[in-house]
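Given chain A, work out where chain B should sit, using these hints.
Number of protein chains: 2
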Amino acid sequence: MSVSEVGEWKLIEAIWDVIERDPEEVMGANDDVVARRIGGNKLLVSHVDTLAWSTDVLPGMTPHSIGFKSVIMNVSDMAAKGVRPLGMLFSLGVPRNCEVKCIEEIAKGWRDAAAKYRLHVWGGDITEAPELMLTGAIMGITGEGKIMRRRGASEGDLVACIGTFGLTSVAYLMLLQGRAAPSKIVELKAKRAAYYPKAHLKEGMLLARTGAVTASMDCSDGLAWSLHTLCSLNNVGMVIKCIPMPPEVEAYAKAHGLDPIDLALYGGEEYSLIFTLKRSSLKSMPKSLVRKMYIMGEVTSDKKLRLLLDEEEKEIEKRGWEHLRR
Amino acid sequence: MSVSEVGEWKLIEAIWDVIERDPEEVMGANDDVVARRIGGNKLLVSHVDTLAWSTDVLPGMTPHSIGFKSVIMNVSDMAAKGVRPLGMLFSLGVPRNCEVKCIEEIAKGWRDAAAKYRLHVWGGDITEAPELMLTGAIMGITGEGKIMRRRGASEGDLVACIGTFGLTSVAYLMLLQGRAAPSKIVELKAKRAAYYPKAHLKEGMLLARTGAVTASMDCSDGLAWSLHTLCSLNNVGMVIKCIPMPPEVEAYAKAHGLDPIDLALYGGEEYSLIFTLKRSSLKSMPKSLVRKMYIMGEVTSDKKLRLLLDEEEKEIEKRGWEHLRR
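Protein sequences appear in the order of chains A and B. At position 231 of the first sequence the residue is numbered 231 (our numbering), and the sequence of numbers has no breaks. Just add 326 to wherever you are in the second sequence, counting from 1, and you've got our numbering.
Just chain A, same shape as in the assembly (with noise of 0.2 Å):
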């Protein structure tokens, strides 16, 4: 059977089928970073991600843009996890016809990226490959007892996030299927997403130093898909009744007779980042941070995945932005 048959996640069970768990590593499977115990209470906090010519790089994106969003999607996790990134390591596979030009502006994009994130690219490989591809390992340490995981929320835990959604479904739509913008503020913002994301870093360890989130991870599978792994992880389910979005959102929607909700449950690559919280921690909680955080909905026993809007229910699929793209 091949692997497109079975899927990814079919493929990473039978991969851990086989392999031997660390006994000192702390998240277990499944969550956005790998945390390994190195003494004195302390973590080795690592993560990678790839990104690949033929699959992650959308029409109009510069070779700056991929090298600064290589950076992006790595520091997301982290940011996830409340762990501030020391540096990372890239392995580049590159084509023998590329132009040196090309990495050059790769390495400007990580260069970027890396000073806005406060942290370093220390070095990696160079291999010859059939399409350009950035793997990019991040590496950071934390105290064993400040990392946020995907797991333990629970019944009455509050849903939040930071950042907004819907931004990047509208770019993919554009870009990859023609359906032009509005007007250039909305095809402005669409871009700029989709080619500079933001990692919400900063939140992220914030959000880690109040103690008060009980479950977190990042979206870059998209809201619904990521959504549905917080419930399934948590075994229970949500209510969902505020997504909030940005203005070009609803305006793009409107333009082409779609609906927004759609655009921001079904999108993907945003790294804003969702958590659930102690509803009694939120007054306790730095109201710099309140003020970016939205609260979007409850955790709730049932284990359905619900949205409610307008007094009208429905259920949120579970599908992300592939599914959008392809």
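These aren't lab readings, by the way, just hints derived from the structure by calculation.
Label pairs and their calculated CB-CB ranges:
1) B:G365 / A:L282: 32 to 42 Å
2) B:Q503 / A:A180: 53 to 63 Å
3) B:G365 / A:T210: 19 to 29 Å
4) A:V26 / B:G471: 28 to 38 Å
Covered stretches of chain A (in silico footprint by chain B; criterion: 3 or more residues with CB under 8 Å from a CB of chain B, positions within the stretch not fixed):
5) 25-37
6) 45-53
Fair warning: this is a prediction, and the values are worked out from it, not measured in the lab. Don't be surprised by glycine CBs; every beta carbon is placed ideally from N, CA and C.
Just chain B now, kept in the frame of chain A:
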């Protein structure tokens, strides 16, 4: 200008011209690993290496041996620094039509190599790719004074190695050029060296503990290339008087009218360790280590890399296995 015109080393230089160095990174450019201060006199040591289907997989390699080797090539760099690896992440690039069975076998290769070197595969990510690509990121922690570097050799130091040379050259000639082995045992030994290479981790860690080593690196780019690298990074020369080779290399060379020394010098993917050490420290080294070491020659001040065998002297060329393979 394309990357194939400038080559890997110029490309790396171009990237370093752009990237800002981390002042807390202690190894400097062009070492086997990066090592970043993390407080308490500790270093976070990391390295990435990619195994790509079209450039690194030899005829006859099974998925199990591909997985195994993708661990070894990373472990070997840690061995050369004397650092115990804790674990690895893998980014797996998989073509759509790849069999699930193949990925399971690769994972078994990871498992077996990890068990052999007492580390863990912690996780990673999977991406669709035009060909199989395995990027491993390996990590470990060590004390700041304990790591062996490529820089530090000076005139009068001995040049030594752990492991032998030439068997992978034999394997390349057999497998890529169809030049048959003169006996079953030569064939088996060469294939074993190429399919299931050995990393000298225990020896590297012991070496680091002696404090006697002035410079050290692994030989994955071939013996000649690696010796040249050590000379150039240390601004010295070397006279090499002995190159340890298994008898099968000499048997193969004889059968094909080749110079066995050429096979040993200009091979590659042979994970032997080469290092320099103070002559005076030899007598205080543990016997178990001395038994495994070969003294190859000594460091000179004249910046020339020469081979002196049977009173005949010749220059060692700066070329590695890639030239042999293509």
